[in-house]
Amino acid sequence: MSTPTPDSGSTAGGVRQRSRQYLRQILDAFRDRPRARLLVLVGIPAFVLLLFFILPLAYMVWLSFHDGMPPASLTLENYLNVVTTDLYLRVVWRTTVLTVQTTALVVILGYTLAYSMARFSKRTTLLLLLVILPFWTNYIVRMYALINIFSRDGLLDWMQIVTGLAQDPSGIMYTHTAVLLGLTYVWLPLATLPFYASLTNMDDNLIEAAKDLGAGPIETFFTVTLPMTKNGVIGGIILVAIPTFGAFVTPTLLGGTDQLMIGMVIENQFTEAFNWPFGSALSVIVSAFVVLMLLVAVKFGASDVVTRRSDTQ
Amino acid sequence: MIPSTIERFVDRRGRAIGLGLMWAVIALLWIPIGIVTLMSFAADRALAFPPDEFTLRWYREFLQNDAAIDAVFTSLQVSVIATLITVVLATILSYAIAKYEFPGKGVIQLIVTLPIIVPLVVVGVAMVLFFGVINVGTGFWSVVIAHVVRTIPFAALIIIPTMLRFDETLEEAAKDLGADELDVFVNVRLPNILPGIVAGGLLAFTISFNEFVYTYFVRDTRTETLPIYLWNQIRFEASPEVNVISVVFLLVAVGMILLALAITNVQRITMR
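Chains A and B are the protein sequences, given in the same order.
Under the numbering used here, the first sequence has 233 at position 233, and the numbering climbs by one with no breaks.
Under the numbering used here, the second sequence has 116 at position 116, and the numbering climbs by one with no breaks.
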């Protein structure tokens, strides 16, 4: 069957006709070869991810067991170096502390936000936009926005002077607090979405039932709402904890060299120290930590959240 | 057990408290963005709040700064190319996943989502290592490849559900009426899945346009995207122009959201 094209006489139409002809020939060639067709459809994207994503990671793991660029001899020295050096242990510890603190803050703020959006407000579209737009704004821009606020003579200092809390504040740049607030600010919108999704998916009748049985709003929240939205909470925690543990932009811009996180040390090993095997070992440690977090999450029943977040509608 | 007086208080005032907290958190999300926009009009060279005087000077300097404008165009080039490649790859993969059963399907779906999960800095260094080994090295095309890897998962996560929602019987009907495979795809399936594909493409473009960490590792000195330019400015110069570039990113984000709103619903993009 030929499709009638209104402009088949013109050159553009001719090109279109001809390209359709070629496409049709290609499809005809695959018609009776379902396997070959599948191989092309799946194979091309899979090949791209394999070559440019999986293989690089595999190579990095391999490199982390060498004492120099290959062909160097195999060694465990890079890993031993991490666990025997005070500096690196302290960096790993600080990274862990910041990750836990950030995640806790984000869960509290984000869940409050999502709860009110889902329960008390009807302007869903507007609110979702208000939450997601800051997240769609460039990461570095958001960091710079915070520099505007945290630095000496910034908004924070001005507010302290106006309210009389401090006479001569000098900002909070390059402190633990600055990095913590920065990371929280960045990930808050992202975590709010799974919270919100699980809250809207929840059956409201359960809340009514709890009330009928005599539970107050707080008791209902802790015995019904929170357990019912457990998967959303775990999803949010994963979405925040993983990028926070590997963060390097935020601590570099807001924390400087005083607040080293492991992501910064990795970056430094590659761009300044040029100790690539050691940087690789640190990367493997970060990845192992992430895998561990995911396994724990899956054990708590969040496999859906990890592998596909498309079932929220 | 919670005292009943507290329960009664929350019962009566919960809504007001909840809405108050909600708007407070939303305000916290927007204050930094408002401040950046305000500061882009501040006359002072140094960051100081509140600004004494307002000016358009930094906007003029930005528009006359060749390096900054070059960075904008480099970013656009990278993002347009990466988005086109991503949309094609994500669409054919989603088509296969929605239409066929095959061994290893679960593994493929896992591999597609992995780039979202592995920390950016880890993938960034792994890419620069491996690109060196296979002689791709650093540069424009390395950046494009990195952006494709970064955006495929997000595009696929939006396009796959659209494909799954497509009613296969429509295709059967078209075939019964004599349409061949190409006609079926172009005239029946494509119009049905197009909103999903466009939404996936918009998201891919936005992520690519904002992408920094992968780019930072695999670029060469000549390939300076706007986020890289911004990073260098903040780290080494900190001129007031940085506020202006921030506003440019803001406008792009708002523009993309509006565009997305015009063709699809918010839920689809934000909830994935």
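Hints in this document: simulated from the structure, not taken from any laboratory.
Note that CB positions come from ideal geometry on N, CA and C, so glycine has one too.
Some hints here could point you the wrong way.
[What the hints assert, rightly or not] Cβ-Cβ distance ranges computed for the label pairs, FRET-style:
(1) A:D28 <-> B:G34: 55 to 63 Å
(2) A:L23 <-> B:R165: 20 to 28 Å
(3) B:W23 <-> A:L50: 43 to 51 Å
(4) B:L190 <-> A:G43: 19 to 27 Å
(5) A:R35 <-> B:A238: 55 to 63 Å
(6) A:T271 <-> B:W30: 32 to 40 Å
(7) A:S19 <-> B:G178: 38 to 46 Å
(8) A:L38 <-> B:V254: 37 to 45 Å
(9) A:M202 <-> B:F102: 18 to 26 Å
(10) B:W30 <-> A:D204: 25 to 33 Å
(11) A:G14 <-> B:P191: 20 to 28 Å
(12) B:G178 <-> A:Q17: 18 to 26 Å
(13) B:K105 <-> A:T85: 42 to 50 Å
(14) B:R57 <-> A:D258: 30 to 38 Å
[Stated by the list, open to error] A partial selection of chain A residues facing chain B, derived with a Cβ cut-off under 7 Å:
(15) Y22
(16) R24
(17) V42
(18) G43
(19) A46
(20) F52
(21) V82
(22) D86
(23) Y88
(24) N148
(25) F248
(26) A273
- Ascending list of hint numbers which this structure does not respect: 7, 9, 15, 18, 21, 22, 23 and 26
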